[in-house]
Each structure stands twice: as structure tokens, then as C-alpha cells.
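Chains L and U are the protein sequences, given in the same order. Mapping the first sequence onto the numbering used here, position 17 (from 1) lands on 17, and the numbers just tick up by one. If you count the second sequence from 1, you need to add 1000 to reach the numbering used here.
Read the hints as simulated data drawn from the structure, not as lab findings. Yeah, the Cβ is synthetic: ideal placement off N, Cα and C, and Gly gets one too. Please note that a few of the clues may not be correct.
Derived lysine to aspartate or glutamate pairs resembling EDC-like cross-links, with alpha carbons at most 20 Å apart [what the hints assert, rightly or not]:
(1) U:Lys1210 / U:Glu1222
(2) U:Lys1077 / U:Glu1289
(3) U:Lys1059 / U:Asp1072
(4) U:Lys1314 / L:Asp109
(5) U:Lys1314 / L:Glu157
(6) U:Lys1077 / U:Glu1282
(7) U:Lys1210 / L:Asp11
(8) U:Lys1210 / U:Glu1200
(9) U:Lys1059 / U:Glu1289
Simulated coverage check for chain L against chain U, where a stretch passes if three residues somewhere in it have a Cβ under 8 Å from a Cβ of chain U [unchecked claim]:
(10) 6-18
(11) 25-37
(12) 66-78
(13) 202-214
(14) 231-242
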Amino acid sequence: MAVPARRRAADVVAFAFASLATAFGLFWLAWILWTTLAQGAAALTPSLFTQMTPPPGASGGLLNAFYGSAVMILLAVLIGTPIGIAAGTYLAEHGRYSRLAVIVSFINDILLSAPSIVIGLFIYEVMVRSMGHFSGLAGGIALAMILLPIVVRTTEESLRLVPDQMREAGFALGMPRWRVTSRIIYRAAQSAIVTGVLLAVARIAGETAPLLFTALNNQFWSASLNEPLANVPVVIFQYAMSPYDEWHTLAWAGAFVLTAFVLVLNVGVRILARRGGNK
Amino acid sequence: MNAAVVHPIEPSLTSTPVRDGRRADRLFHGITAAAAWLVLLLLGATALAMAWGGRLAFKTFGLAFITASDWDVPAAKFGALVPIYGTLVTSAIALIIAVPVSIGIALFLTDIAPRWSRAPIALAIELLAAIPSIIYGMWGLFIFAPFMANHVEPWLSDHFGNKAIIGPLFTGPPIGIGMLTAGIVLGVMVIPFIAAVAREVFSAVPPALKESAVALGSTRWEILSRVTLPYTRSAIIGAIFLGLGRALGETMAVTFVLGNAHELSASLLMPSNSIAAAIANEFTEADTELYRSSLIALGFLLFVVTFIVLTIAKLLLMRINRQLGRTS
Chain L
1 MAVPARRRAA DVVAFAFASL ATAFGLFWLA WILWTTLAQG AAALTPSLFT
51 QMTPPPGASG GLLNAFYGSA VMILLAVLIG TPIGIAAGTY LAEHGRYSRL
101 AVIVSFINDI LLSAPSIVIG LFIYEVMVRS MGHFSGLAGG IALAMILLPI
151 VVRTTEESLR LVPDQMREAG FALGMPRWRV TSRIIYRAAQ SAIVTGVLLA
201 VARIAGETAP LLFTALNNQF WSASLNEPLA NVPVVIFQYA MSPYDEWHTL
251 AWAGAFVLTA FVLVLNVGVR ILARRGGNK
Chain U
1001 MNAAVVHPIE PSLTSTPVRD GRRADRLFHG ITAAAAWLVL LLLGATALAM
1051 AWGGRLAFKT FGLAFITASD WDVPAAKFGA LVPIYGTLVT SAIALIIAVP
1101 VSIGIALFLT DIAPRWSRAP IALAIELLAA IPSIIYGMWG LFIFAPFMAN
1151 HVEPWLSDHF GNKAIIGPLF TGPPIGIGML TAGIVLGVMV IPFIAAVARE
1201 VFSAVPPALK ESAVALGSTR WEILSRVTLP YTRSAIIGAI FLGLGRALGE
1251 TMAVTFVLGN AHELSASLLM PSNSIAAAIA NEFTEADTEL YRSSLIALGF
1301 LLFVVTFIVL TIAKLLLMRI NRQLGRTS
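From just these sequences and the hints, can you work out the full model?
Below, the structure written as C-alpha cells:
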């Protein structure tokens, strides 16, 4: 009993379409990565890592921007990770099934996809305005606000994967709940939580919109968190939008470093996680 | 160790640790609950701060803030129709591209691709979401916009520019920067979000349902269109809303390729503006209270709209989870 030709044709068309769609997605990835990495590699020079961002028409590097980005990412991790893990713990352990946990879990998912520019505006309103000036501190806190929901979500998910028998075993030994959580559950979920934090770092490393009105930018070296702080994404934005060729070259170099960082982190973390999971 | 377990423990030895444990338990519970509350507070505070910051604009212009199209800085007149229109049009283009492609990818990954290739391809598609939006923007400005200007847009205006009805959409100089380019870039950016959810729910369809369809002699296309898609419909719509939420709020990529023009035009080839791009471009230059307030008011609108869209997405996705929980 053969399938009628029309039905077979519809089948073939649909499956050709699915294959084409996948090729379409991969094509954009390849195109974007190829041009960014090729253009960026051509712009790489040793002075990129030793010199400051130059004025128009001069040569220079991105040292201050790398430093500023590193400081703000570190700040965001220091602020966002403990709060995120604590909130994730509440959702998966201490507040499990409570109404608060259900609501927070819901709201957290919305924060996760909320436009990052709005978070920049929010930090501007509550911090920059009251302090009277842009600062690296405000930038770090804005990034922490982007990192927070990611850490909450991954912590909650990794804690839920820990089997209940381990909790029961802990209680059977007479351990109080907080020790069960901190000594058993955290240890079992450790690598998954670290994976989540690393992926969150990869995400905030490229965030530009929340830094535009918080850290702003700084052409010069500054180690103070109380002043505008240079950072890679905003430098790329300003230099790429400028009419100067030297700045375009530096923007490509910055894009190369940023993309390479994000890719290595994403791929590396996933490979490690998969290997750990198979163990 | 053994002794402690076997023998009944003297109360005098345990009372202190137990009480300490209770106190520590309460403290630990309190800390985690406070962190959870903070997440709620942050969302509430964001909405309040936006509303507060934008109150001057809302008070000055009223409803005209949304319906007027003149964004005139020297005259201190701010009507947000152009950025609102640009946001909606670019997001619509993005979804028109991303929805079928994402469903195709999900289908490919669940039913067609050889098993060994599924994880690498899924990872590659996920990487589309990992690339920072500033990279999309820069690539869009230097590589994709010139490509559109040289190859795609002249062809579009030659072939469609003089047609009835759709003609006005494709008229104008091929400059590469505009709503069509921005919409395409946005579409590529939201593909991984929709594809990930679609793939997840496709692979969660109970095998018995698919096998029944096979037993009735269905082709693979009929399984997709008559079993898989109807079964996962609410989740797919949820995924589309999720992508829409992303597209509406995307900032940097759009800022690069949309052109920051405050003129309303029907043509997709013309530069326009979006809410997020207007804020990104103009906020640090806003030198009057009213100007700054108008931009924050735009942020408030964006926040409210994305909140609603993402809430719908979440509710739809929760429904499929319940459904899967019941049936599987």
C-alpha cells in the first residue's frame, strides 16, 4: 500500500524545509563568527594589551577597557552570586512549595528576559542620579542585576536534580536542615552551580546597554570604582560608531577578544559539564 | 561514631547543639528567604523607578506621548510613535523569520538529524544566543548592512517597489540601514530562544502518540502537523512570545543598524528608531529634565510591554509542563 504521491511530496518538502532551516541558522553563526574573528585577528597587536584607548587618529590599545570590564564582572559576581545562590536555595529547598517560592520563580524568569537597557536606566535612576556621577560601582551593580536571575535559575535547577534520598540520609543522621543544605546538597550540586555562574559571566561580559548610563566610559586609566570606568563593550560601541579608521580597527580587535572569551567559556563549560555528567 | 549512634544520647549533651541547630536553621531560612524577596523587590523597584522617572513626560504630554510622532528636542516636544512603531515592525519581521526557522530546526534536531550530530548542532544553535548583541550590531553595521545595500535592497525595490499594496514597503534608497535589516538581525538573534523551547517540547511528546500515528500510516509531515504541533501548541506559542519579549527589548544590535531616525515611513528600507535604540543613543545627551524624563518614560513603556509579553509566555509554558506532568 503505497503512500499517495501528494502526501509523500508534502513529507519531502517539510523535511527539506527543516534541513534548510537548520542550515540557515548555522549559516548565520558561521558568517558572524567568521567575519568577526577574521577582521578581529587582523587587528590584533601586542599594544592592544599594553596601551590605553587612544584619541581619534592615534594608535593605542584597550588595556584600560579590559581592566574595567574585568573589575566590573568581578564585582557583579561577588554581589550577584551569593544572593543568587541564596535565593535559588530558597526556591528549591527551604521555601519549596511555598507561595513566595512560586511567585519568585515566576518573576525571576521574567527578569531573566527583561530588556537589559531598562536595568541600566533603573541603576541610573537609583544610583547615578543620587551619587551625582557615573561610576564603575554602578556599572558593576547593573551587571550584578543581570547575573542574579541567571544564578537563581541555575541554582534552583541544579538543587532540584539532587535526589531526595540524600536529604533524607542527612536528616536521618540528625543533621539540621541548614547543614544538610550546605554540607550535602551544595556539594552534590557544586559543579552545576559553578557552570551556571560561568555561563552568567559569559553573558554579562558582552552586556553593553546596562553600562551605557552607569559606568559610561573613560578614555584614561582609572582604578577607582567611584569614577566612570572604561569597559570593552562600550568602547566597541563608541569606536564602531565613530568615523575614524583607527577606532574601527580597535573595535574589531575588542570584538575579537570579547567573542573569543564568550565562545571559549560557553563551549568549554558545556564540554566539561557533559564530561562531569557522564562520570 | 558507632557508640554515639547506638546508645541513647544524654539530653544534657544534645540540648545545646539541637537548639543551636534550630537557631542556625531559622537564620539560614531567613537569609535565603530574604534573597528571594530581593528578586521580587528588584522587579518592583525597577517598575516604580521607571514610572517615577517618566512621570514628568507622562504629565506633560499625556496620551499624546504615545500617539504623537514629533520628537523635536529643541522645541521640547516628545512623541514616541516613531520608536514604538519601529519596535513593533522590527519585532514583527524578526518573528516572521524566526518562527518557521526555529520550528524547522527543532524538527530537524528531534526527528531528522543523525543521533551523533544532534548535540553539536544544538550547541551551535545555542551559541547564536551566546554571541553578545554588540557583536551582532557591529557585524550588522560593517558587514550585513552593506550586503543588504548592494545586493538585497536594490533587488527588492526593483521587483516589489512598484507593486500595488506592498510597493510602499520596499521603496526608497538602498542604504542598508533600516527596519528590514534590523528585523533580519533580530530574527537571527531570537532563533535560538524559540528553537530551544520548541526542541524541548517536541522531544517531550509521548512516544505512544507518535507511534499511534505511524501505525495509522501517517507520513512524518502528518505526524508533525497533526500530532506534534497540536500537542505542543501552547508551548510553541509561549516560545514565540518569549522570542517576542527578547526582540522588543533588544538594544545594541538594533541601535547599530536602525539609523536613529525620528521620521515615520512606511518603507521597510528606510531608517527608523526603536524604543531601546532611542534610549541608548540619546540618554547621555539628554540635557533637560523633560528630555530625560521622556526617555525614561519610553523605558517604562518597554518594561511594561515586555513584562506582559513574557508573563503570557511563561503562563503558556507552564501549561505544557502541567500537561506533560499529567500524561507522561
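Check: Which of the listed hints are not met by the structure?
Finding: When the structure is compared with the hints, only number 12 turns out to be violated.
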